[in-house]
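What follows is the residue order along each chain.
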Amino acid sequence: MDELLTILKNNALEKPETIARMLNLSVDEVKKRIAEYEQQGVIRAYQAILNVDQLDLNQVTAVIEVKVTPEREGGFNRVASRISRFPEVQSVYLMSGAYDLLLFVAGRNLKEVALFVSEKLATLDGVISTSTHFMLKTYKHHGVLMETESADERLQVSP
Amino acid sequence: MPTNDSRSLHSFIARHVVDIPRSGIRDFFDIVSTMKDVISLGIGEPDFDTPWHVREFTVFALEHGATHYTSNMGLLELRRAIALYVEKTFRASYDPEKEILITVGVSEALDLALRALLNPGDEVLYHEPCYVSYRADVVLAHGRPLTVETRRDNDFRLTRAMLERQATPRTKLLLLNFPNNPTGATLRKEDLEEIAAFARERDLLVITDEIYAELTHDGEHTSIASLPGMKERTIFLHGFSKAWAMTGFRLGYACAPPELTEAMMKVHQYTMLCAPTMSQKAAIEALTKPETDVKVMADEYRRRRNLLVRGFEDIGLPCSRPGGAFYAFPSIGHLGISSRDFALKLLEEEKVAVVPGTAFGACGEGFVRCAYATSMDNLQEAMKRMGRFVKRLKNS
Ligand SMILES: Cc1ncc(COP(=O)(O)O)c(C=O)c1O
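Chains as they are written, first to last, in the numbering used here: chain D, 1 to 159; chain L, 1 to 396.
Please keep in mind that the hints were generated in silico from the structure rather than gathered at the bench. In this text, all values refer to a predicted model and were calculated from it rather than measured experimentally. A portion of the hints provided could be inaccurate.
[As the list claims (entries may be wrong)] Each pair of labels, with its calculated beta carbon distance range:
hint, chain 1, residue 1, chain 2, residue 2, range
1, D, K9, L, G336, 44 to 50 Å
2, D, D53, L, H53, 45 to 51 Å
3, L, T288, D, T138, 31 to 37 Å
4, L, H53, D, K120, 37 to 43 Å
5, D, I49, L, R26, 29 to 35 Å
6, D, D2, L, R91, 26 to 32 Å
7, L, R392, D, L155, 25 to 31 Å
8, L, E77, D, L13, 44 to 50 Å
[Said to hold, decoys possible] Straight-line C-alpha distance at most 25 Å; calculated BS3-like pairs for lysine-lysine:
hint, chain 1, residue 1, chain 2, residue 2
9, D, K140, L, K289
10, L, K88, D, K15
11, L, K295, L, K88
12, D, K9, L, K295
13, L, K289, D, K15
14, D, K31, L, K88
15, L, K189, L, K231
16, L, K351, L, K36
17, D, K140, L, K295
All C-beta atoms in this analysis are idealised placements derived from N, C-alpha and C, irrespective of residue type, glycine included.
So that you can see chain D by itself, here it is in the shape it has in the complex (with noise of 0.2 Å):
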């Protein structure tokens, strides 16, 4: 991958002036190359990690297993891009395994996740079954841990 990306996926923050020196680049051209990604759709967005736990938002999610059935032409995409429209669904990917497709549902409680898979995902043409599972606590999310790491141990001078 490119060092810039790699740079941008670890702080979104970063700015063109330190990438710049990092990569021994001019600034021009770290911001050209990154309006360039943009314009490719390489970079969809740039968002903040929460620890949402910390938060009290009243809010759960739910991971969603759903068997689909393959359609002659395009196979899952048609009803992937169907469920991805719901703005309650976080995440859809399709996977290998026992089911194809793996959702990440938000909703306010339990009975309004509950609704949407019973009214508006399990209805779906295509969709033979779905499994629920609720989220407990997040521990890690998107490579970064929610808990605080233990402070710098080392000494403050070494040789």
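For this one, chain D is given, so just place chain L with the ligand on it according to the hints.
The following block gives chain L with the ligand in isolation, referenced to the frame of chain D:
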């Protein structure tokens, strides 16, 4: 026997130990550790955590009884893994049965090499500024330190001509460290070839401390052990502290021809017995699993190096571009202040800790060592503070 009188106790201490000055690093550490909220560029060890799979495997090894002595040479499985790794990375092949000795860090390996080889008064030729232990280790082994000074105008590289000027008929060993602590200097293959030729012509043995080899930022690292006719006269030292971020595991190794390994083994056997068993297990895990750990850290050090070098340019501290390790060695000589005073004042006024260059040899006067084993945010903040500080010095 008088025991309560400290002056007479002092008279019991061996003369050569008394003669070794207190380390400039320890001295500075005592001052820094009394202060709070310091950004430290004074730390000579990685800020990264030891890769998790290594830590997890160590716990597993402990649970499964890796708590006994190993053979004096170290676990054969580890020596085999090291032989493969050194062959692949450094292009020097060693027999794991007879030519590899597992030690308590490069620190012990160096001590063993010196004690195994030096008769009282034998000279060890090495380059300064250098790692703080070299001089003391030579003296403790009853050798005579003989230094050559590397200079900033030559990017702190070592050349054959410099060695030629210093060597005498009593010179027995040449001690090298590239990439270098504290300058970050690296050598080109051509430089090494000339140094190797010098060692062969003068019939010197070479001890090469390549603990920072994986953290080479520009070009490729060459080991002197891989050059023609050199393996026979080289003791190659390496360890897991830096590139694998495993300082506290205390694990290193020496690779050398069988006779030399055997001699070091004798000292090791009677003084250390063996390196910690759980650490040896951890090292097997570190070496035999894919090396992305090391690459991810090395890439980050290189980016920080780039940032820091530009930062020094901006604030007007001349600094030669460190080719490896995680140290920069900017010059402060033009500011009309000693390295020690610079470091003390910077600490006092801006709460940034750097190490006075003199901790690494007298020729380190006029420089400070800045370790970039700290986060990018810390580095940027430290640069800002140093910039302010230097500006004030210039105006005063
Ligand atoms: C050049 C050099 N050699 C050896 C060491 C010590 O390494 P170890 O932890 O393997 O004893 C260090 C540590 O700072 C070093 O910089």
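Tested hints:
1. With their beta carbons about 45 Å apart, D/K9 and L/G336 fall inside the hinted range of 44 to 50 Å.
2. Separated by about 27 Å at the C-beta atoms, D/D53 and L/H53 break the suggested range of 45 to 51 Å.
3. Under the hint 31 to 37 Å, the C-beta atoms of L/T288 and D/T138, about 33 Å apart, fit the expected range.
4. In this structure the supplied range 37 to 43 Å holds for L/H53 paired with D/K120, their Cβ-Cβ distance being about 42 Å.
5. Look at D/I49 against L/R26: about 41 Å separates their beta carbons, and that is not inside 29 to 35 Å.
6. Between D/D2 and L/R91 the beta carbon distance is about 30 Å. The supplied range of 26 to 32 Å therefore holds.
7. Our hint of 25 to 31 Å for L/R392 and D/L155 holds, since their Cβ atoms are close to 29 Å apart.
8. One distance hint, 44 to 50 Å for the beta-carbon pair L/E77 and D/L13, holds here, with the actual separation near 45 Å.
9. Taken as a hint, the D/K140 and L/K289 pair is honoured in the structure, with Cα atoms around 24 Å apart against an allowance of 25 Å.
10. With a C-alpha separation of about 39 Å, the suggested pairing of L/K88 with D/K15 is violated against the 25 Å cut-off.
11. In summary, the hint linking L/K295 to L/K88 is supported, as the alpha carbons are separated by about 16 Å, within the 25 Å threshold.
12. Using a Cα cut-off of 25 Å, the hinted pair D/K9 and L/K295 holds, with the two alpha carbons roughly 17 Å apart.
13. Taken as a hint, the L/K289 and D/K15 pair is broken in the structure, with Cα atoms around 35 Å apart against an allowance of 25 Å.
14. Of the supplied pair hints, the one linking D/K31 and L/K88 is violated, its CA atoms being roughly 39 Å apart against a limit of 25 Å.
15. For the hint linking L/K189 to L/K231, the alpha-carbon distance of about 16 Å falls within 25 Å, and the restraint holds.
16. Of the pairs offered as hints, the one joining L/K351 and L/K36 holds, with about 8 Å between alpha carbons and a cut-off of 25 Å not exceeded.
17. Distance restraint check for D/K140 and L/K295: the Cα-Cα separation of roughly 23 Å lies within the 25 Å cut-off, and the hinted pair is therefore satisfied.
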